[in-house]
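With the sequences and hints as input, model every part of the structure.
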Amino acid sequence: MARSDASLLHQLPHDRSGEALRELYRRFGGELFGFACNALGDREAAEEVVQDVFARAWRQAERYDEDRASVRTWLFAIARNRIVDVRRRASVRPAVAAWPHEPEAQAHVLEQAVLRWQVAAALARLTPDHREVIRLAHYAGLSLREISERQGIPLGTVKSRLSYALRSLRLILDEMGVEA
Amino acid sequence: MRACPTHGDLLAAYALGALEPDEAEAMRRHIETCAICREQLPSMRSLPGLLDTVDLADVPPPQPPAWLEESLLDQIARETPRHGGRRGRTRRRVLAGALAAAAAMAVAVLAIVLSGDDEEAYARANLDGETGARAYARLEAVPAGTRVSLRARELGRVPGNRYELWCIATDGRWVSGGSFRAPGGEAEVVLTAAVGPGEYHRLVVTPEGRRAPTLMRGTLEY
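These protein sequence lines are chains A and B, in that order.
Under our numbering, the first residue of the first sequence carries the number 1, and numbering increases by one thereafter.
Under our numbering, the first residue of the second sequence carries the number 1001, and numbering increases by one thereafter.
None of these hints come from the bench; they were simulated from the model.
Just so it is clear, the structure is predicted and the values come from calculations on it, not from any experiment.
The beta-carbon is built from N, C-alpha and C at its ideal position, and this holds for glycine as well.
Treat the hints with care, since some could be wrong.
[As the list claims (entries may be wrong)] Derived Cβ-Cβ restraints for the label pairs, each shown as a range:
1. R1124/B to G156/A: 46 to 54 angstroms
2. A1141/B to A105/A: 34 to 42 angstroms
3. A55/A to R1029/B: 55 to 63 angstroms
4. E1130/B to R68/A: 22 to 30 angstroms
5. T73/A to R1002/B: 32 to 40 angstroms
6. E175/A to G1209/B: 25 to 33 angstroms
Below, the structure written as structure tokens:
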């Protein structure tokens, strides 16, 4: 049976093999990297942030309290702080976009970055056909009829495909806890 | 989620604004009388706004480079006292210095066209990168470690066109295989790395003197 996130984290200080850290990285590294990339607009800075998040998690694992937050929430909180630090240094990193001064505005930017990562990850989980029909109907702004004519697909097929595509997307986003 | 038997298929298109004006008007009137569609509309209505937050070019979302996991474990191993702590760091610095000298020598001395003869190689690797960079490497055992014959194409531009080859050891260490120049993004060079067969499993090419960004990577086939 797969070990829980919390038990992996508690194991970190005593783990000589590095397997617990590796497993945690595999569970959350991609998500944190996507989030950091979104928030910073710079892959290199995001790589540094992700490495630092896990290094800090390893050093501070004993401070983690299972009753207060999930491991995911805890790791994202560390990532947020690191991203804020990196953005404070933005003057020496031209690749990192402008950063608001007010904490509320900063929180909003970070929430948007998480949301963008979640929507992109949800779209990535759809079938290519479903992603394509969403691209045509939403991003290209075509009507069902136009899609049917352009793609040479029966109108009924386009209707049901778009319907399945959006229902699947909604389900995936619900699973991820995206409510809006 | 139960769908409306007559208009279920149209609800998504309606929420996205993908119906013709007359169909949209008919759908609007239907929703006023259909409890199922009315209940399901809000969850569909939020989708266009969510879709607007991303550019489809960003799908799938970016993934961390493969070396990041090794680099992290390497960092932790260095910070763990029982793994050598400060002494380990000093040793690494000395090793890094020696490797840098070796790399400089490799650049000065070696830049030859490969013969294509693969018989002596103990392993090979095909490297590739996100921007189209690709390379073929063949690896031969020599007294100093491993001779890496590298043929690279379409390496992205970096300052001075100088690149570095890294061997990622099985214990997570990054061992420099030396640096090389690739004018116009192309190179055919031979480098020497202080690693032996079985001690490493991945090759990575970065701008010289840095571990990031990864320009291309590949796994060894022994």
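(Q) Need the list of violated hint numbers for this structure, in ascending order. (A) Hints 2, 4, 6 not satisfied by this model.
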